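Asks: With chain P's structure known, arrange chain X on it following the hints.
Protein chains: 2
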Amino acid sequence: MLSPLYQKMISGKSVIRELSEYATARGRQIGYENVFDFSLGNPSVPVPQAFTDACVRLLTEGDPHLVHGYSPTAGIPQVKDAIAASLNRRFGMNYTGADIFPAIGAAGALAHAFRLVCQPHDEIVTFAPYFSEYNPYVELADYKLTVVPADTKAFQIDFEKFAAIMNPNVTAILINTPNNPSGAVYTAETLTELARILTEKSQEYGHEIWLISDEPYREIVFDGKTCPYVSKFYANTISCYSFSKSLSIPGGRIGYVAVNPACGKSAMMVQMCGQISRGIGHNCPTALMQLAVAECVDLTADLSVYETNRNLLYEALTDLGFSVVKPDGTFYIFPQSLEEDAVAFCKKALAYDLVFVPGNGFACPGHFRMAYCIDTEKVERSIPALKKFVEAEYRN
Amino acid sequence: MLSPLYQKMISGKSVIRELSEYATARGRQIGYENVFDFSLGNPSVPVPQAFTDACVRLLTEGDPHLVHGYSPTAGIPQVKDAIAASLNRRFGMNYTGADIFPAIGAAGALAHAFRLVCQPHDEIVTFAPYFSEYNPYVELADYKLTVVPADTKAFQIDFEKFAAIMNPNVTAILINTPNNPSGAVYTAETLTELARILTEKSQEYGHEIWLISDEPYREIVFDGKTCPYVSKFYANTISCYSFSKSLSIPGGRIGYVAVNPACGKSAMMVQMCGQISRGIGHNCPTALMQLAVAECVDLTADLSVYETNRNLLYEALTDLGFSVVKPDGTFYIFPQSLEEDAVAFCKKALAYDLVFVPGNGFACPGHFRMAYCIDTEKVERSIPALKKFVEAEYRN
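Top to bottom, those sequences are chains P and X.
For what it's worth, numbering that gives the first Met the number 0 labels the leading residue of the first sequence as 0, then goes sequentially.
For what it's worth, numbering that gives the first Met the number 0 labels the leading residue of the second sequence as 0, then goes sequentially.
The shape of chain P in the complex, shown without the other chains (with noise of 0.2 Å):
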């Protein structure tokens, strides 16, 4: 008998990839230029050349044994160590190569950081407004997801909320700064009182409560700024990273958990990792992208054109008179829709071959998602079809 549980999973399609799949289809009747094709998440901007150079020369002159062989279990050590001090050069802290665990992507990441402190009916709390693969991610490795409402005014905290939730059966918190959808990069003060509260009730609990810290936008931050570092805040933090983004690399599945040495046991954790990795069917990220990401682990890709495509469209979206909080990073924006039902919104901005997300599936209705991470021109010529939607449909 096959799984019921995944079979019943794939007539449950989801939200994002339906309206994707919607666009690509109108693409071929309009062509796809035509369709202003916000739904979907995908790096633009090019890989940086060094990248592809590194991954050549790996290929052409590195030693065939460690490009092409098994890599050890807690990954290349050599990775691990460039990883590390990359982290310290610009986070201030004090990895060593044995707290970082390199790991297929973000979410092979995360798959291990809640195996890592969870067991089986533990609850992780996140914050809304959330991607909401976190949803099967926890589930299908039996924890609980614990929601906390989102702070819709600047997509910080709610502490009131959180405090209304927090109880002994938590034993992990799940942030994701710079926020997808939100756009809204945590400030210190947040991350501050975040700790406080963490390490408050660890004691009232008993028990450590863990922060595991999806960072996949960490590089993309706007206005010259740079996004607090989450695990500076707090001991007990577990980061989730994923070059995806930073590198425009989202087809190398590479990324790694780092573990706060501050905790006192992260050499140990990292050998953990190794261990759930057997049950999962992980093993190592491609020995190939280990070996091109640690040469390449100061540089991003030129993501100037995010910001670009930030201020047109903020500007654009105040204009015509949304409430919106300014992104201070990542490639999306999640402002209100303009009437309550954003999956009626939504489906109505489709006539305009404008195509956006509802903020349902995120935890936060009333709101939709724009992923700008599309040609700054094709942004361009979204705002003349945004604002015949908008005059349409809601000014008359």
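No lab work stands behind these hints: they were computed from the structure.
What you are looking at is a predicted structure, and each value in this text was computed from that prediction instead of being measured.
Be aware that a few hints might be false.
Each pair may be met inside one copy or between any two copies, as identical chains are not told apart.
[As the list claims (entries may be wrong)] In silico lysine-lysine, DSS-like type, Cα no more than 25 Å apart, as pairs:
1. Lys7 <-> Lys264
2. Lys7 <-> Lys143
3. Lys7 <-> Lys387
4. Lys200 <-> Lys264
5. Lys386 <-> Lys346
6. Lys200 <-> Lys347
7. Lys347 <-> Lys387
8. Lys387 <-> Lys346
9. Lys387 <-> Lys143
10. Lys377 <-> Lys346
Replies: Then chain X, alone, in the frame of chain P:
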């Protein structure tokens, strides 16, 4: 609190890894060329130039969206098609791309296969001798692994012992042919009889019994033979493949699940694999690796060295009086140890710088595994050491 399960696992070190670490340490003392390290199944033959060329061409001339972008959850369509066409051509199957799910090596493929057809506490039956990693693969996913004792005469299947073990809780049978550690290849007769029993038992129990075929060594078969293609014998077969051994790229982490379309629901099962991925953080194999193997799908590395090594060792071992089944494939040989306690035997061998793995970990005590994926020159040099060991320890 950290997971006690995974915490406990790190203290239980793998015997193979311990032996391999011993060999490495000893190598630092006397030069690794002087350690006859038969412990690790790490392919040693060069990667085909065509594979390297395909990677470089894709990186420098390929469509960046394809090479670096997210691939669809169920794999890149043209890659799936290429794999299906190759299997059809070579084994007379009727796969379409929809029946193929690219996975992160055989470990990733197996992780999906188990979850497709089992529910918690279901029983998976395998046959000794077997790859010891099956234990964590199965048990960490919350299924039960039941082992049929070995047919030590030929390392085929002892059907009497199999019949004694079968029961209605069994939902899957896991086989590995060509076999690690014995090197045996299941004959058409064995597979026909296995299929007959599974068909009969499915009817008797009133539920499907799935055959999960772990076949990373499928291409390494000697004496001009080919390995009978398991899925030809039984409709409800899920083949789990890895390119690690055939292309000598275990670091590439690329393989696939192929579901026999004769089962009537193969395309749905591949869609279910996409859902399983969400829970285990698997996502897709690296896009570059998917695309590169698709271009090399009918190629192998020059695997002839393994046959040369098999011949040398089989002759030397029989000359020295070992009782040994001649391997028809893989790069392993699995002789009886010269004393009942294979662990003691392997420990004594270390004094002669011969590193073997006792059969106990493969659920087949009284035997030891030699992995001869090493240079022929080293195999030749090992024979006098083997002779000296046997004569000094067992001939007086």
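Asks: Looking back at the numbered hints, which does the structure fail to meet, lowest number first?
Replies: 3, 6, 9
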